[in-house]
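Student: If you read the protein sequences in the order shown, they are chains Z and P. Going by our numbering, the first residue of the first sequence is number 1, and it counts up by one from there. Going by our numbering, the first residue of the second sequence is number 1, and it counts up by one from there.
Hints are supplied without guarantee of correctness; some may be wrong.
To be verified - Derived lysine-lysine pairs resembling DSSO-like cross-links, with alpha carbons at most 30 Å apart:
(1) P:K9 to Z:K49
(2) P:K22 to P:K41
(3) Z:K69 to P:K40
(4) P:K53 to Z:K49
(5) P:K9 to Z:K69
(6) Z:K49 to P:K19
(7) Z:K49 to P:K18
(8) P:K53 to Z:K58
(9) Z:K58 to P:K36
(10) Z:K69 to P:K41
(11) P:K22 to Z:K49
(12) P:K41 to Z:K49
Rather than coming from a laboratory, the hints here were simulated on the basis of the structure.
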Amino acid sequence: AQSVTQLDSQVPVFEEAPVELRCNYSSSVSVYLFWYVQYPNQGLQLLLKYLSGSTLVKGINGFEAEFNKSQTSFHLRKPSVHISDTAEYFCASGTGRRALTFGSGTRLQVQP
Amino acid sequence: DTEVTQTPKHLVMGMTNKKSLKCEQHMGHRAMYWYKQKAKKPPELMFVYSYEKLSINESVPSRFSPECPNSSLLNLHLHALQPEDSALYLCASSQDRGGRRDTQYFGPGTRLTVL
């Protein structure tokens, strides 16, 4: 069975500081990983995805993530955050059932 | 264009009402999904349609009835709901290229309140 673990429920950070949101996965088969962002009272927006190829994946809004097979991780990073990045971030893994396995989410709180 | 639209944005209904949620996509996707999301929780899968046929029903109570009239439209019919059914209902779609690789695109959701 696949599972996704987001290690931090909340991450407070000051504006213009770098941030890393952690995600670990467990899977016995090939992994396909996604990061979604959810702004208050909105749906989920795809930030980036890893399907194959380069382990460093660049997404929208200046975010990037690195797939690390040996550490079973897919951490999300941004070198300088803005107030507008305040949101809930979900890491997810594709399953074989046309479904996504979501992590529990990380609340990024950017403070001025 | 990666847009999935949902109507209405907000819905308040009594426990005896019948209402429907609508979802539409024009990306040529062949899989469509309904999720339920409670506050501060990740989305929970309810139903999956693949090529207009119900593929997955995650043991959802019968007061929720999905319908896929065509490949672009997905409805969720609601009847005799309970207050605990209040949540954000999200629709998503994907190309349906074979499971794990598929990228799902989400709509903005319908905020449902059951009184």
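Student: Taking the hints in turn, state whether each one holds.
Tutor: Going down the list of hints, with the structure as the test:
no. : hint           : verdict
1   : P:K9 to Z:K49  : 28 Å, holds
2   : P:K22 to P:K41 : 23 Å, holds
3   : Z:K69 to P:K40 : 29 Å, holds
4   : P:K53 to Z:K49 : 27 Å, holds
5   : P:K9 to Z:K69  : 40 Å, violated
6   : Z:K49 to P:K19 : 35 Å, violated
7   : Z:K49 to P:K18 : 38 Å, violated
8   : P:K53 to Z:K58 : 35 Å, violated
9   : Z:K58 to P:K36 : 29 Å, holds
10  : Z:K69 to P:K41 : 27 Å, holds
11  : P:K22 to Z:K49 : 27 Å, holds
12  : P:K41 to Z:K49 : 21 Å, holds
Checked against the numbered hints given earlier, this structure breaks hints 5, 6, 7 and 8; the rest are met.
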